[in-house]
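Colleague: So the chains spell out like this:
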Amino acid sequence: MVVESRLDLKVSDRLEILYHLFRGEKISPLIDKFDNHGVSGFQKFLWEKTVEFGIVCRGKNFDRKEITRKMTPTPVFQLQQRCTQSVYHCKGTQCIHSNPKCARKKIKEHVEAMAESIQEYIRIVKKRELF
Amino acid sequence: MTILRIGEVAIISYNYQEVEEFIKSICDRIDIRNDRLSFGRFEVNDQLALYLYGISVDNKNKSISWDLISRKTLGFIVIFDWEDKKILDAIKPIIDYFSRNFNVPIVIVASIKDKKDPPIPDKFFQPDGIPLSLNSRFTFGQTDDPESARNIMILLINMLIEKLS
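Those sequence lines, one after another, are chains A and B.
Be aware that the first sequence starts at 433, since it is given in our numbering, and climbs by one per residue.
Be aware that the second sequence starts at 292, since it is given in our numbering, and climbs by one per residue.
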C-alpha cells in the first residue's frame, strides 16, 4: 500500500527514477536534483520498490538483509565521517537537514545498493523465464 | 426502459497515433476524430458503456482546458513512448497536474513495440502495475495490441473498484 507523506516526491519524479532504473542506468546522480525533503522521499520510494521487487522475485524467502548487506554499516560510515552523533541519528532523514553533505553521501550509496538489488531481481526473474 | 450508464476515460499522449491505436484496440473503431480529439465507444452491455476520449497534446500552441475535460472522467491513461525520453519529459507536467488536481486513477503507460519483450519481466508489473502514488500506477503496454490495451483498461477499472471498496 502507498502511504503519502510530506517526504513524497511528485509522481513524475518517481516515474523518472523508474525510467533510469529500468534502463540499468546509475541513479544516484538524480539525487542532486532534489532538495533535502526530496532526497528523503527518493530514498523512501526506492526502498519500497526494492522490497516490492524483492518479494516478487524471492516470494516468502525474501530477506531485507539481501539489500542492506550491500550498504556500509552505519557505525562504520559514521567512523569514516568522524561523526560523533548516535547511530540512531544516522538515517539520512534527520541529519539531511543538519548535515546535508554527509547525509547525501550516505543516501547516494544506499540508493545505488538498492538499484543494484533491483537489477539483480530483474536478472534473476529474466533468467528464470528463459527456462 | 433500460437506462444506459456511461463512464468516461481520457487517453492522453503526445502522439495521436498511439491514442488512436489504443482506442481502436478497445473499441474496434474511432467514431469521431479531429486534430486534437479522437473518440471511441465501448459498449459493455445495454446498460453500461465506456466512452474513450483520446487527447493528443502534440500541438504546443494550443492550451487544453483539462478542468473542463476532466470533470466527469473516471480516470486517465497517459501514454508515452518508452524509447523517447523527450516525450517522457514533456508529459511529466501533465501527469503532475492530474495527480495534484484530480482524485481519480491514473495509469501511466510506457508504450513498447512488442509486449512479449518488455524492458523488465512482466511479473513485476502485471496485472497491477507498479504503484507510484495512491492514485497512479506505471505499466508497460503495446497500444496497438488489443490484449495489452484491454489489460491497461482492466488495471484502471480495478483501481477504481479498489478506491470504492
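Calculated from the structure, these hints are not laboratory results.
For clarity, every value in this text was computed on a predicted model and none was experimentally measured.
Note that the Cβ used here is the ideal one computed from N, Cα and C, for glycine as well.
Please note that a few of the clues may not be correct.
Restricting the straight-line Cα-Cα distance to at most 27 Å, the calculated cross-link-like pairs of lysine-lysine (DSS-like) are [to be verified]:
id : chain 1 : residue 1 : chain 2 : residue 2
1  : B       : Lys363    : A       : Lys458
2  : A       : Lys458    : B       : Lys406
3  : B       : Lys383    : B       : Lys454
4  : A       : Lys442    : B       : Lys454
5  : B       : Lys363    : B       : Lys383
6  : A       : Lys442    : B       : Lys407
So the derived label-pair ranges between C-beta atoms look like this [what the hints assert, rightly or not]:
id : chain 1 : residue 1 : chain 2 : residue 2 : range
7  : A       : Lys497    : B       : Asn449    : 28 to 38 Å
8  : B       : Asn449    : A       : Val483    : 15 to 25 Å
9  : A       : Lys465    : B       : Ile452    : 33 to 43 Å
10 : B       : Tyr388    : A       : Pro461    : 24 to 34 Å
11 : B       : Asp387    : A       : Trp479    : 18 to 28 Å
12 : B       : Ser356    : A       : Asn493    : 46 to 56 Å
13 : A       : Arg490    : B       : Asn449    : 43 to 53 Å
14 : B       : Lys376    : A       : Lys533    : 39 to 49 Å
15 : B       : Asn325    : A       : Met503    : 30 to 40 Å
16 : A       : Met503    : B       : Val335    : 43 to 53 Å
Computed footprint of chain B on chain A; a stretch qualifies when at least three of its residues, placed anywhere within it, have a C-beta under 8 Å from a C-beta of chain B [claimed, not checked]:
id : region
17 : 440 to 451
18 : 479 to 491
19 : 554 to 562
Colleague: If you test the structure against every hint from before, which numbers come out violated?
Modeller: 1, 6, 13, 14 and 15
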